[in-house]
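Q: Relying on the hints, combine the two individually framed chains into one complex.
So you can see what is in the structure, the chains are spelled out below.
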Amino acid sequence: MTDEKDLELLRILEENSRLSTEEIATMTSLAAAEVARRIGALEAAQVIKRYSTVVNWEKAGNGEVSAIIELKVSPERDFGYDRIAERLSRFRQVRSLRLITGTYDLQLIVSGKNMQEVSRFVSEHVAPMDRIRETATHIIMKSYKENGNAFFEQPETERLPYCP
Amino acid sequence: MRNFVSQRAQEIPPSGIRKFFDLVLTMDDVVSLGVGEPDFNTPWNICESGIYSIEQGGTSYTSNRGLQALRDTLSRYLAQHYGVNYDNNSEMIITTGVSEALDIAVRAITDPGDEVIVAQPGYVSYGPCITLAGGTPVPLRCTEKDHFKINPDTLAEQITPKTKALVMNFPNNPTGGVMTKSDLKAVADIIIDHDLLLISDEVYAELTYEGSHCVAATVSDLWERTITLNGFSKAYAMTGWRIGYLCAPEELCDAALKIHQYVMLCAPVMGQVGALEALRSAEEDKNNMVNEYRLRRNLFVAGLNRIGLPCHVPEGAFYAFPSVEKTGLSDTEFAERLLKEQKVAVVPGSVFGPGGEGHLRCAYAVSRKELGEALERMDRFLQSL
Numbered sequence: 217m218t219d220e221k222d223l224e225l226l227r228i229l230e231e232n233s234r235l236s237t238e239e240i241a242t243m244t245s246l247a248a249a250e251v252a253r254r255i256g257a258l259e260a261a262q263v264i265k266r267y268s269t270v271v272n273w274e275k276a277g278n279g280e281v282s283a284i285i286e287l288k289v290s291p292e293r294d295f296g297y298d299r300i301a302e303r304l305s306r307f308r309q310v311r312s313l314r315l316i317t318g319t320y321d322l323q324l325i326v327s328g329k330n331m332q333e334v335s336r337f338v339s340e341h342v343a344p345m346d347r348i349r350e351t352a353t354h355i356i357m358k359s360y361k362e363n364g365n366a367f368f369e370q371p372e373t374e375r376l377p378y379c380p
Numbered sequence: 178m179r180n181f182v183s184q185r186a187q188e189i190p191p192s193g194i195r196k197f198f199d200l201v202l203t204m205d206d207v208v209s210l211g212v213g214e215p216d217f218n219t220p221w222n223i224c225e226s227g228i229y230s231i232e233q234g235g236t237s238y239t240s241n242r243g244l245q246a247l248r249d250t251l252s253r254y255l256a257q258h259y260g261v262n263y264d265n266n267s268e269m270i271i272t273t274g275v276s277e278a279l280d281i282a283v284r285a286i287t288d289p290g291d292e293v294i295v296a297q298p299g300y301v302s303y304g305p306c307i308t309l310a311g312g313t314p315v316p317l318r319c320t321e322k323d324h325f326k327i328n329p330d331t332l333a334e335q336i337t338p339k340t341k342a343l344v345m346n347f348p349n350n351p352t353g354g355v356m357t358k359s360d361l362k363a364v365a366d367i368i369i370d371h372d373l374l375l376i377s378d379e380v381y382a383e384l385t386y387e388g389s390h391c392v393a394a395t396v397s398d399l400w401e402r403t404i405t406l407n408g409f410s411k412a413y414a415m416t417g418w419r420i421g422y423l424c425a426p427e428e429l430c431d432a433a434l435k436i437h438q439y440v441m442l443c444a445p446v447m448g449q450v451g452a453l454e455a456l457r458s459a460e461e462d463k464n465n466m467v468n469e470y471r472l473r474r475n476l477f478v479a480g481l482n483r484i485g486l487p488c489h490v491p492e493g494a495f496y497a498f499p500s501v502e503k504t505g506l507s508d509t510e511f512a513e514r515l516l517k518e519q520k521v522a523v524v525p526g527s528v529f530g531p532g533g534e535g536h537l538r539c540a541y542a543v544s545r546k547e548l549g550e551a552l553e554r555m556d557r558f559l560q561s562l
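Protein chains in written order, with our numbering: chain E, 217 to 380; chain L, 178 to 562.
Chain L with its partners taken away, still in its complex shape (with noise of 0.2 Å):
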């Protein structure tokens, strides 16, 4: 019988965690710092409407787009706090998560021979989707002396006349590194010097310590060349609602709508009506979730620090990102180490590209209590080296 397998689907790396997935399901009694999702519950008000809904009969499809009242709110929602506009209608698709944004983002701008520079350390989805839709990944390295950001020489350096677009996702996973808006204009500068395309992921935006987010496509004259990606994962803890968005110029937006029209056909109809509910009323919830993840984080990072694993301040997203190179040990030997023998589950730097290396990534979103047992358990393993 032939390999059926596509060369494409053979291409694609096969999960970093997945070993460790293995060993802490056979394991009792571990901490986990290893998941990537709040660990509320989504706020009550925005899962009674989804029952409701249900209740209504709202179960079928609805518009490619997504519902309208939900684009109509979001839209004034972006213009609002974040002084973006996008047209409800033309300049914005509702997706099944942000996982699926990126997906129809990257397909409808990736022709055969692209490169795409993605930054990195950064979610392990980025390569394989543009592997996936005939593009080239390539790495751009963001280092922990630039704090996490991306440094523009290194981007220049980068760049071929191959070159199509640069994905990035700040605040950052893993890293927790944020780009301030004149952080956003030097990497501006370069995207429409060398006329790329910007694919800016955003999913943390809402989880942002020191002052606010900035938005990429209010900087310079990024909007007409950036797709932005967002969704209500990670601010109102509704990761498994399977709710994003896709914003971008009509043209870009018009061509993942294709996309999204015929690999999905709409997000969850009950979603979208949660989603909406989250921006009418779901505002102070929110709040007091930054506000308890930024106690944590502070709680968190002087602990580690105090412990012996150097770590800078992260100003975003949910993740502290601490250095382990003066144990001797590598990322993946330490979290291995860790979780078979003080059970504490961590995510290898490495796992999340060049430059994670040397560091482990540590979710804090889990209560205070559990991260005081993990920085113990850690301190003891620290003592044991």
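Just chain E, with the same shape it has in the complex (with noise of 0.2 Å):
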């Protein structure tokens, strides 16, 4: 079980990864090696999944395409959506998937090189999956936000050099 320190750990580490144990053990007033010794609790317990950048791939000009797809799923009867949504999971293309209430059942968002390459995933892999009853396909065309992070600039603000 986690308790209030490893989310503060899991915090600092959320926002910028690629602090050294150190610098967080100054930060979090705990020793270097229990620092150490939480992280590597929460890696095997697999709290951490990976250590990963938010990247601002229009920025970066790669080309890429994603698109947010819903669909309609008729559940299987001990399992639920629980198989349907793990045989989509594997796919490369599927970068998020998740169980969703209202109208659709599952969300995914996808990524491929072109538009061409999505609908072909998604009309060739994915709608003719069997229990899948509908599919709605949303092309990305510009994200302002992802995981907390705004992708616009901020002007900055004037602030005075000195105040008392």
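Don't take every hint at face value.
Just a sample of chain E residues kept apart from chain L, beta carbon distances all over 12 Å, derived [as the list claims (entries may be wrong)]:
1) Ile240
2) Ala249
3) Glu259
4) Val271
5) Val281
6) Arg293
7) Ala301
8) Thr317
9) Ser327
10) Gln332
11) Arg349
12) Lys358
13) Pro377
Straight-line alpha carbon distances no greater than 25 Å define the calculated BS3-like cross-link-like pairs of lysine-lysine that follow [claimed, not checked]:
14) L/Lys546 x E/Lys275
15) L/Lys463 x E/Lys361
16) L/Lys520 x L/Lys546
17) L/Lys520 x E/Lys221
18) L/Lys196 x L/Lys520
19) L/Lys463 x E/Lys221
20) E/Lys358 x E/Lys275
21) E/Lys361 x L/Lys546
No wet-lab data here; the hints were simulated from the structure.
Owing to the predicted nature of the structure, the values given are computational and were not obtained by experimental measurement.
Using N, Cα and C, we set each Cβ at its ideal position, and we do this for glycine too.
A: Structure follows, in structure tokens:
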């Protein structure tokens, strides 16, 4: 089980996973050895899945296209949505996959080199799967925020250099 | 032509940071630890509520005391969070920042010839406000040895038959010092014994990193003789919105209200709407900011000690107050040379009154990256001495 200190480490790492153990130790007033031990335990328990980077791909200009795909799915007896969700999540093209409330059941974020690749993936691999009754594909035109990170430039506000 | 400037205005000392201000304006690439305000933008839900209220035509005066909804919510908030009870109608005024609250509080209680003790190092406005009200500010030195708390014995020594009140600010600007409940008890005994009044500026209350803040008015029987000042600037990153408040027993509050209605009429309405939204739904934003300040404090204070500027751990506000005595430079010399040679702006401690000399006020309300850069430059400066 995680405690308050673990949660604090997770918050710090989620914001910047490149901080060194020593820096985190200084910031949290924990011993470096304890920080290392706790992070190790969180990794082993898969609470920390991996360390990655939030990339603004539009700015990087790799030309990839992403789409939000919504699916209506007939759940299976004993398994509900889990088995079909697991099958879908094996596709490299599926970046995120969630079970949601509302008109649709599953929501996927799919990415590919271009629009054709994304639509071929949906029509050839996703839509024909058993138990998928309906699909709705929304091409992402522009990302403004990902995982808490805004992608638009905020103007520098004017601050006084000194104020008592 | 006569000199039209009043004697009182002439008596007020000029700002101690003016020359630094002028200097910094001529420079590029300065890392400034000189700013006593949060580096965060106001949480967006607060901004949005202010914008919406303007769109809805909320652009008029409010009652002198401030919006009823804000006072209702604030009164409940203070009771729930700090266990202090102030009536939303008779014991509370919403002011244009804590600056105004301080001014009207001092003017409400000061007669010519009154002495008002000011705990120092302290914010620069207390002395001038007392002087302008016709009183005499009497400095009370808080030392590093006492972790910049008020020493009860030193306080007792400063009291004369003319003493009317004590002004204090904890968590403290510029030292980051705090007063715990037991610290406050010792001070309360003296205040009550000598029949004094307390003006307690608690604008950094929410920025308390070890344990929780104790409101002075909740200690012993201080409530009936305390004017509590607080505001939204520091906790919610709302400095430019200019919303503070004054809480006091009815008689004192009424006196302050008379001054407020003649000099200010009311605090800006859009600011009051924003403050209400802050209380209603910015708790998590506030907690996130406070948590970030705590992490920065730990990084920065450890860094200062590492490069050879001894610094006690400040338990509140967002200031580190390292000593430069070992360098042989005065705080002003140090700050001036650091700015000129390494382009780091800090405020010399002597600006904040007796007890501040030999120290620097470094505001760590800047990004961790800037703090790291500032530490590197300060290290280079120390190496060059």
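Q: Does L/Lys546 pair with E/Lys275 here, judged by a C-alpha cut-off of 25 Å?
A: OK: L/Lys546 and E/Lys275 at ~23 Å, within 25 Å.
Q: For L/Lys520 and L/Lys546, compute the direct alpha-carbon distance and say whether it is at most 25 Å.
A: holds (15 Å)
Q: Beyond 12 Å from chain L, beta-carbon-wise, is E/Lys358?
A: holds (20 Å)
Q: Take the C-alpha atoms of L/Lys196 and L/Lys520, compute the straight-line distance between them, and say whether it is at most 25 Å.
A: With Cα atoms ~15 Å apart, L/Lys196 and L/Lys520 stay inside 25 Å; holds.
Q: Going by Cβ atoms, does E/Ile240 stay more than 12 Å from chain L at every point?
A: It is violated; E/Ile240 is separated from chain L by about 9 Å at its closest Cβ, not greater than 12 Å.
Q: Beyond 12 Å from every Cβ of chain L: is that where the Cβ of E/Val271 lies?
A: The claim stands: E/Val271 keeps its Cβ more than 12 Å from every Cβ of chain L (closest is about 20 Å).
Q: Does the claim that E/Val281 lies off the interface hold, with its Cβ farther than 12 Å from every Cβ of chain L?
A: Non-interface label on E/Val281 holds, nearest chain L Cβ at 30 Å vs cutoff 12 Å.
Q: Please settle this one: E/Thr317 was flagged as non-interface, so is its CB more than 12 Å from every CB on chain L?
A: It holds; E/Thr317 is separated from chain L by about 24 Å at its closest Cβ, greater than 12 Å.
Q: For L/Lys463 and E/Lys221, compute the direct alpha-carbon distance and say whether it is at most 25 Å.
A: holds (19 Å)
Q: Does the claim that E/Ala301 lies off the interface hold, with its Cβ farther than 12 Å from every Cβ of chain L?
A: holds (31 Å)
Q: Within a Cα-Cα threshold of 25 Å, do L/Lys520 and E/Lys221 meet the stated pairing?
A: It is violated: about 37 Å lies between the C-alpha atoms, which goes past 25 Å.
Q: Can we trust that E/Gln332 is non-interface, i.e. its beta-carbon lies farther than 12 Å from all of chain L?
A: holds (38 Å)
Checked against the numbered hints above, the structure breaks hints 1, 13, 17 and satisfies the rest.
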